[in-house]
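Engineer: Read off the chains here:
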Amino acid sequence: MIGSATLAADLITWAFDVHIPLVYTVLGLLWTMPFVEMKGVKSGNTEYFRLTRSMFNYMIVVYAMGGVFGTIITVFLAGLMPVFTNLAGYMLWPVWALAIVAGVLITIPMIGLYYRTFERWSHRRHIALGLIIAVSATIIPAMFRLVFAYTAYPFGTSVIPDSSSAIGFDLAVNVYTAFENPLYLPLFLSTVFASIAFTGIMMLFGYTLSSNSSHSGLGREIGSRLALVFGPLYAVTAAWYLFEVYLHSPTIAWSLFGRPPSNLNSVLYAVYRPVYNLSWDPYAVAILAAVELAVILYLTRHTNRAIAWISAIAGIAMVDLAEGGNLLAHLPYAVVPPQSLAVQLIHQYGITFAITVAKTLQVSTLATVLDYLSIIVNQMPLLLIFSVAMFLFFNVLVLGVIYLALQWRSTK
Amino acid sequence: MVTPTILLLSRVVSAVGILVHISLASSFLGTIALALLFEFRYLRGGDVDYMKLSRKFAVISTIIFGVGAAYGTLVEFGLVTVWSNFIALIGALALPFFLELFAFLFEVVVLPLYLYTWNKVKNGWVHFGIGLAAGFGGFWSAYNILAVMASLSMLPPGLEIVSLASVKSSIGGAITYLLEWQKPSDLFNMYWWGANVFIFHGIFAAVILSWSIVAGVYIRRYLRENDQMHLKFLKNTSLTIAFLTLIEGLVIGHYQGELVIQFDPLKLAALEGFFWSGLKVDPLISFVATGTFNHPFWGLFSWPSALRPPFYVTYAYIVMMVGFGIVLGILTAGIGIYLLFGGRLASFKLGWLNALGPYLLKVGQYLIPVSAAIASIGGALSAESGRFPLIFVSSVPNSAGPPTVTGIPVSAILNIDLSMPYWLAALLLIVELSIPFVAIYGIYLYSRRSGGDAQ
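Protein chains in written order, with my numbering: chain A, 1 to 412; chain B, 1001 to 1455.
Next comes chain A alone, as it looks inside the complex:
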């Protein structure tokens, strides 16, 4: 028997774990390409231009795949947690709108222009265009990370009792205030740094595998430098994020650190107890980071395909564990109610109302309100088995297509 909350969490986490490494690569490549081209201009070495082109070709394939899985996440959210997605859409609509304007309306046509103007425009203009694309693409995580920060700590939200509301209250968000969320900046910065570091790891991997091309040495060198510079920056900002989580988001902190945060009133332990103890997750990420560091240092001196594979697998595992852990640590909540809000609601409206609000924000409530899919899945387990088999099959196919794309481009 699979509960709707488990089904929702598992499906969303799966799609997220495929989506995140892909979009990290896109963001990282978009920021890296203009600087590689700039280096080519300064050094007069045309290999840098070839490298930029090969990075671009790879980026296009990954962008398409990443976009598809982004769509899948949205469909899962809408299908499995419709009320949550509905309220998030209506309260934070300027955030979604800005993300889509930047991500689709501006970035995609400009990527087409960037491709068409390779070696047609002057390098200076082409580099400027590349930087504009990188900035516009960065608006996507800048907006989506606000939603993530919001679900961990709904800053700027007011809860107003409303007897006519079926859930007993109304929610209102001041979007401008929401940007002052203390979790937002470290989360956003760690995302940008992680994406560039991860891209470095993938470049090191890719250009070690295709070591026969003339620019692969440059690709490996730039990849290792990116990973070595931006990896530590990611570590610092991720630690900053975890510190803010510890202060403001009791359930996530409890899940990730294995015990309730010291500032959490023991009276509220029952309210904030997480579903999963993920205290092993940060350690696993740290161990993988150490392995990654050793592997990168080795690969800066040697070309070894087997070690490059270890680097790629460790990199993907690190990203997925960090992001997946952050996501699952929310449970049982979709939106973790802040302790200050809980105390305020208890004082103003009584404990029953505060518990009503907390229960409403749980995944199980948001997933079961209308979730016919999980009922069908429970009645027809074959549908679930078929779905899991298909998702696994497509995971393999996605990797296969990316591999073919790499092979295709490197032999062209």
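Since the hints were made in silico from the structure, they are not lab data.
We put the CB at the ideal spot given by N, CA and C, even for glycine.
Please note that a few of the clues may not be correct.
Stated by the list, open to error - One-sided excerpt, in silico: chain A residues whose CB lies under 8 Å from chain B:
hint, residue
1, 89
2, 93
3, 104
4, 165
5, 341
6, 344
7, 348
8, 398
As the list claims (entries may be wrong) - List time: in silico EDC-like cross-link candidates among lysine to aspartate or glutamate, alpha-carbon distance up to 20 Å:
hint, chain 1, residue 1, chain 2, residue 2
9, B, 1232, B, 1076
10, B, 1235, B, 1225
11, B, 1168, A, 281
12, B, 1168, A, 170
13, B, 1120, B, 1047
14, B, 1168, B, 1180
Stated by the list, open to error - Label pairs and their in silico Cβ distance ranges:
hint, chain 1, residue 1, chain 2, residue 2, range
15, B, 1423, A, 350, 55 to 61 Å
16, B, 1278, A, 348, 55 to 61 Å
17, A, 393, B, 1330, 45 to 51 Å
18, B, 1015, A, 346, 43 to 49 Å
Following the hints, put chain B in place on chain A, whose structure we already have.
Structural biologist: Chain B alone, transformed into the frame defined by chain A:
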């Protein structure tokens, strides 16, 4: 606060966006079908021209898919931000969306494989099989999305509307309507008979539209270059378009009409232009619908004005969809017969068609794509504006007057916090209309690079 202006601007912006997305999706369905058709003919007969055509349409379908998928994300986020209170209803419609994901995965993963494996798989039929899987993804995707769209026009059996608004309640001050199935297994009623009629109507329209546009381009090139490849394309597609149009109009259209009579008599009155109040006999419609000449229909003015669809749907249905659909059918049938049987027409006493053929080609190069586009837009307007101001429409008999038409008001699913100034609506419209040119430009670049033929 939802004002009539915000509602109108949101509708216009969304309608244009959805129409453009549908055009791109239709073009993908049509072009991948062409790629498969010509690859099949190549594998059967070994004619290299068919291989070139197949490869060309495989590339074009991939370009269109790429732009269409990006556009789909735009439409999806438009739904979340503009029509956010529709999302709460999606919980009840989760099955088609869930199954559509597999279709989407098929498309996005298998389509590049189809392109990549050209000339790399020794057995051509294996490559054709990969193409079939990619095509299946596209059509399965359309099948599921059209099932959802069908439910907006006709409430599926077992699905019930829960009106929180009627008891002055809401969820979080925003959500005022929910959907509920009588029992979970009713979820499969998303694919009931009525939905399938709607779905196949849409899929046929997609193929007719996209093939007609390509046929227009190919007639033009055939007239200029007079070459075999363009002629082969036209011989394969012209009569097929005419046949599909015939099925669409006379068979599927007939069933669609019966469903409209049953589920939404108000929409029927608006589409057919029953501009009267109370019951009145319309002999022609009566004959088409029931086989008799004396069946009475409720006139449009029998319902309160707030419930009536906009008047332009009559024009969209009769002139745009039916009228231009007939023009399209006649033109493609004439051209198809002329190209396929030109030399033998005289023996069937159809020699006059030989004289008419060149003229049909000259006119057809413009009129075929234009007629198909107008008919498609007319069909979309009839189906979607014809049910306005409601979604999830159903009707129940009323002994005291016309059937009671019920549903969820479109205004109830709009984001109540949305602001949509004129400048923003104008900007969105410009962007929505300009994105398809990315696809057109991509196809132009590909055609120019390959010299018109896939190499």
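Engineer: Run every hint past the structure and note whether it holds.
Structural biologist: Now the hints, each set against the structure:
no.: 1; hint: 89; result: 4 Å, holds
no.: 2; hint: 93; result: 4 Å, holds
no.: 3; hint: 104; result: 5 Å, holds
no.: 4; hint: 165; result: 5 Å, holds
no.: 5; hint: 341; result: 15 Å, violated
no.: 6; hint: 344; result: 18 Å, violated
no.: 7; hint: 348; result: 18 Å, violated
no.: 8; hint: 398; result: 6 Å, holds
no.: 9; hint: B/1232 with B/1076; result: 39 Å, violated
no.: 10; hint: B/1235 with B/1225; result: 16 Å, holds
no.: 11; hint: B/1168 with A/281; result: 47 Å, violated
no.: 12; hint: B/1168 with A/170; result: 14 Å, holds
no.: 13; hint: B/1120 with B/1047; result: 19 Å, holds
no.: 14; hint: B/1168 with B/1180; result: 19 Å, holds
no.: 15; hint: B/1423 with A/350: 55 to 61 Å; result: 47 Å, violated
no.: 16; hint: B/1278 with A/348: 55 to 61 Å; result: 58 Å, holds
no.: 17; hint: A/393 with B/1330: 45 to 51 Å; result: 47 Å, holds
no.: 18; hint: B/1015 with A/346: 43 to 49 Å; result: 48 Å, holds
Checked against the numbered hints above, the structure breaks hints 5, 6, 7, 9, 11 and 15 and satisfies the rest.
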